[in-house]
Amino acid sequence: MDQGMVHSIDQRLDQIMSIILRTGVLLAAFLVVTGGIVSLLRHNTTVMNDRNFHGEAQQLRTIPGILHQALAFQGPGLIQLGLLVLIATPVARVLFSVFGFLYEKDWTYVAVTLIVLAILSYSLFGTH
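Numbers in this note's numbering are just positions in the sequence shown, counted from 1, shifted up by 2.
Don't take every hint at face value.
As the list claims (entries may be wrong) - Just the calculated beta-carbon pair ranges, DEER-fashion:
# : residue 1 : residue 2 : range
1 : 119       : 14        : 17 to 23 Å
2 : 42        : 107       : 19 to 25 Å
3 : 44        : 13        : 44 to 50 Å
4 : 16        : 128       : 29 to 35 Å
Stated by the list, open to error - Lysine to any residue pairs mimicking SDA-like chemistry, simulated, CA-CA at most 20 Å apart:
#  : residue 1 : residue 2
5  : 107       : 9
6  : 107       : 13
7  : 107       : 29
8  : 107       : 123
9  : 107       : 118
10 : 107       : 124
11 : 107       : 15
12 : 107       : 44
13 : 107       : 40
14 : 107       : 38
15 : 107       : 95
16 : 107       : 97
17 : 107       : 119
18 : 107       : 31
19 : 107       : 17
20 : 107       : 11
21 : 107       : 34
If you're looking for bench data, these hints aren't it; they were derived computationally from the structure. All residues carry an ideal CB built from backbone N, CA and C; glycine is no exception.
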């Protein structure tokens, strides 16, 4: 490949990664704000007791539970889904980077990016 074509491919990959990040962050913000508004509208008379901490409800601790709550247009489910999208956004960028570097046949960056992806995956799904 000539230098101009490589530069063009790099620019296109950068644009796509930028779109992935921007879309993910905006979608996450939209979901969190929408969930907050729904929660306030449905529970505006609930008095919060901040003396005792109670964790999230069991249905909001799993991805299927979060999806079920979000599809039912429940505020906490929408907020949790927004947070999942926010967490998934950089993971999607790293995953896309792997394919971009594979396309460019840049094996060093493929290896480094796969290591980063493995670390991210372990931090999200590994046992603690």
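Decide if the proposed pair is consistent with the structure: residue 107 and residue 38, CA atoms, cutoff 20 Å inclusive. The given pair, whose Cα atoms are some 45 Å apart, is violated under the 20 Å limit.
Below or equal to 20 Å on CA atoms is what counts here, so check residue 107 against residue 9. 14 Å, holds
Is the straight-line distance between the alpha-carbon of residue 107 and that of residue 11 20 Å or less? 12 Å, holds
Can the restraint linking residue 107 and residue 123 be considered satisfied, given a maximum Cα separation of 20 Å? At roughly 24 Å apart (the allowed maximum being 20 Å), residue 123 and residue 107 break the hint.
For the pair we were handed, residue 107 and residue 95, check the Cα-Cα distance against 20 Å. 18 Å, holds
Between the alpha carbons of residue 107 and residue 29, is the straight-line distance 20 Å or under? 32 Å, violated
Quick one: are residue 119 and residue 14 within 17 to 23 Å, going by C-beta? 21 Å Cβ-Cβ, so the 17 to 23 Å window holds.
Straight-line alpha-carbon gap residue 107 to residue 34, limit 20 Å: 39 Å, violated
For a C-alpha distance cap of 20 Å, please report whether residue 107 and residue 31 respect it. Between residue 107 and residue 31 the Cα gap is close to 35 Å, so the pair fails against 20 Å, i.e. violated.
With a cut-off of 20 Å on the C-alpha distance, tell me whether residue 107 and residue 118 pass. 18 Å, holds
Regarding the pair residue 107 and residue 17, is the alpha-carbon distance no greater than 20 Å? 19 Å, holds
Does the Cβ-Cβ separation between residue 44 and residue 13 fall within 44 to 50 Å? 46 Å, holds
In this structure, the hints that do not hold are numbers 2, 7, 8, 10, 12, 13, 14, 18 and 21, in rising order.
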